[in-house]
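Q: Protein chains in written order, with the numbering used here: chain B, 1 to 214; chain G, 215 to 788.
If you are wondering where the hints come from, they were derived from the structure by calculation, not from laboratory data.
We put the beta carbon where it would ideally sit given N, CA and C, even for glycine.
Be aware that one or more of the hints could be misleading.
What the hints assert, rightly or not - Chain G is nowhere near these chain B residues, computed Cβ spacing over 10 angstroms in every case: (1) Thr52; (2) His80; (3) Leu148; (4) Ser165; (5) Asn171.
Claimed, not checked - If we take Cβ atoms under 8 angstroms as the criterion, some of the chain B residues that face chain G in the derived model are: (6) Phe43; (7) Pro62; (8) Val65; (9) Gly68; (10) Ser71; (11) Gly73; (12) Glu75; (13) Thr82; (14) Leu101; (15) Gly103; (16) Pro104; (17) Gln112; (18) Leu119; (19) Ser157; (20) Pro160; (21) Phe161.
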Amino acid sequence: MDEINLQDMRSGFRRLFMILPVVGLLISVPAEASLIITVGNVFSNSPSSSNTLEIDLTNTGPAPVLVGGFSFGIEVTDPHITFTSATIATALPYIFAGNSLFGPTISTLVGQTLEASDLWSGAGGATIAAGATVGLGDVSFDVSARDLPGLVIVMLSSFPFTSLSDPAGGNINVDTLAAGSITIETSAVPEPSALMLALFGLAALASIRKRFYM
Amino acid sequence: MKSSHRFGYLGGWLRHAAVVLTITALSHANAAQPVYILTDLGDLVGSATIFTSHGSAAFGVNSVGQVSGSSSTVLPSGNGGPVHAFLWTPDVMNGPTGHMIDLSPSSNGIDDGDTVRINDFGQVMFTDGSTIPDVQRAPVLWTPATRNGTTGTTAALVGTTSDGFGLNDVGQVVGRMFPGLCFAWTPSQHPNGIVGSINHHFDTARNQDIPGYGFGACAFAVAINDVGQVTGTVGVGFWGRPFIHINDPISFPNMGPLELGAIGLGDIVGPGPNADPNDQTWSGGGNAINNLGHVAGGSVFPGVGIHPFFFDGTTLRDIAPLSGAGGTALGINNVDQIVGQAVFPTPGGAFLYDQGTTHQLLTLVESASAQGWSQLATAYAINDSGQIVGQGIFNGQARAFLATPIAPPPPPTIISYQLLFGSQSFTMPGGRTNLPWTTVTGVKVKFSKPVTGNSASLTGVSVTGFSGSGTDTLNWTFNALTRATYNTKVLGTTANAILDLAGNPLGGGVDFAQTLNVLPGDVSDDANVASNDSVLVNNARSLPYNVIDDINGDGVVDMNDVNLVRGRIGTHLP
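Throw the hints in and build the complete structure from the sequences for me.
A: Rendered as structure tokens:
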């Protein structure tokens, strides 16, 4: 297999894995859902460091929501991924921008599992308008060397790891925890046998996803 | 007062034996729990000087605590006078204080002091020595004008020489009529009428109906219960045997003549009827019978001599406190508490048999010696409230006593169970299910009274330190509790039980359980540590101090507490 073909394949992967989470998101969100916490989908090389992944909060409900604190936990099972920190430097406006109690670094546990939390500094909280999306954290991670490209699912830990609180300390129900992914790209040319295995695996995955969404 | 005829030859021997054995008693009183207070019932007004040999004695007590008894008097010359019957009425029902009246002020005195009985109406039956012409002695019945009143009239029951021994609550009397007849007297106006008649004789001929006692006679009809069952002594040759008359008992309103058919108690439990009139085995007599038909008395038990017995309707059992020592039971109430006289290692033969144990009554009295009581010689009767009457030695004189039960000292109880963390404490349960602190290192328990205990008296945690034994507050310490559920117990059982200084266990012998759900950070008490808990503690930094938010127990709610919660987000109890 030459480099061109490999590049074509990577392009196909990229399109596939950018579409799949969005499709999955649309399918999994109940019609009456109002709050969704989402893990981003990113591509990273292997090996690499200081990659970033964003955790966002979307209010899909009809009314604004006042948030006084939050926490989230994410985890991967792939040992090549190591979360190193979470900060308030999100691409979208940070939820407590200008009023973060713990920022800029809000992580409390790093590794294959990351936990982070922050509180609104002072009285009150952040208003998340209807339809708005805000950032909860910008997660940095390293990818260690691996032979094959691949997809690593980033799961959000369930309550009480991932939680929202109103300014009075009452729990706010989060309707959906949407997983994200890290697509690992490798620069080394894989052995033919390894490449065949990867192709079989991807073909099988595509087949499963296709059947699932039909 | 002369010796009672009630026990006859058997009772006289019994009493003599008991007194001798009491005098030669051994040592060391039982360390029983004080549960009674004593009242000196005194003597009749105007008779302050009493015979040193026989002052006063109480023989009956009814359900409201009225007491019947006898008191010696003194003639104007200073010589000993007749013995009078008295009625002592408490100031309040079953109270320990009251006043005494003379029921026979104009007579020459009663003839048999041991037969002054009282029923619940307040009637008093005693054997008068002079009121009936040409009769040496005969039972009379004093009836109050109103129930439990202190004014009344006295009526003679029997026109021939006789002794009255038993009186029930409807006013029936049983006793002995000379020569050799037992009788039952029943009021025609019932209950508690003052006119009646003897409607039955237990005579020699009729006693031939008693299996195995064909040659016997009713020697004494001693007691009758409220349904007309009678107990006493039936003569068998030279010896008497206890009996209970259970066939067709006298009863109201269908009162009729007693039918014979009494059976000897020995027939039920012993070796059976003994035709040998000279065989002493199972000799004895019933002295009291309750409304259950249960009998108390004294009987010779094979191999051990004369002992007090309790017949529960099936079994006649020896209730003597010591093997080989004599005694007899004289009273029984409707809950099968029995009183009488028996030999104990220390002076004072009055006993109380209760729930299988025979107690020396004096050991159940609080501060008896301090009050002037050196011994309680004989307990004659007990009512259903547990009040006991008898005769004891008060300041060196024989005096009637009333022993009134008092509530036993309450066992120690737990006033508060506090958790110690940092410099703070929290009283459990405090409306909480989960405990949010990271530094729970001790338990401090306050009791209702000083107690003793040890490090093992608290279970469920690994105790490393203990203090406070002998005070009303005990402290246990341990390493800081981590996230888990701890089922602690403050013991009221086992050898490590908490005891008060009198030896009573916690709660009367019940463990005190306290579950500790330690979930550091869960200030919201919802069994999860989430961002809302950190919000609550963060908010609490600017609020008045609340120990719930003081996660490390250092006396202030600050960012340290917020961070302690934050670091535990996501945790919950298993």
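Q: Next step is simple, just say for each hint if it's right about the structure.
A: Taking the hints in turn, this is what the structure says about them:
1. Thr52: holds, 22 angstroms
2. His80: holds, 24 angstroms
3. Leu148: holds, 32 angstroms
4. Ser165: violated, 4 angstroms
5. Asn171: Asparagine 171(B) is in fact no farther than 10 angstroms from some Cβ atom of chain G, at 5 angstroms.
6. Phe43: violated, 29 angstroms
7. Pro62: violated, 23 angstroms
8. Val65: violated, 14 angstroms
9. Gly68: holds, 5 angstroms
10. Ser71: Holds: closest Cβ of chain G sits about 4 angstroms from serine 71(B), inside 8 angstroms.
11. Gly73: holds, 6 angstroms
12. Glu75: violated, 11 angstroms
13. Thr82: violated, 19 angstroms
14. Leu101: holds, 7 angstroms
15. Gly103: violated, 13 angstroms
16. Pro104: violated, 16 angstroms
17. Gln112: At 15 angstroms from the nearest chain G Cβ, glutamine 112(B) fails the 8 angstroms test, so the hint is violated.
18. Leu119: holds, 5 angstroms
19. Ser157: holds, 7 angstroms
20. Pro160: Hint holds; proline 160(B) Cβ to chain G Cβ min 4 angstroms, cut 8 angstroms.
21. Phe161: With a minimum Cβ separation of about 4 angstroms from chain G (threshold 8 angstroms), the hint on phenylalanine 161(B) holds.
The structure is inconsistent with the numbered hints 4, 5, 6, 7, 8, 12, 13, 15, 16 and 17, although it conforms to all the rest.
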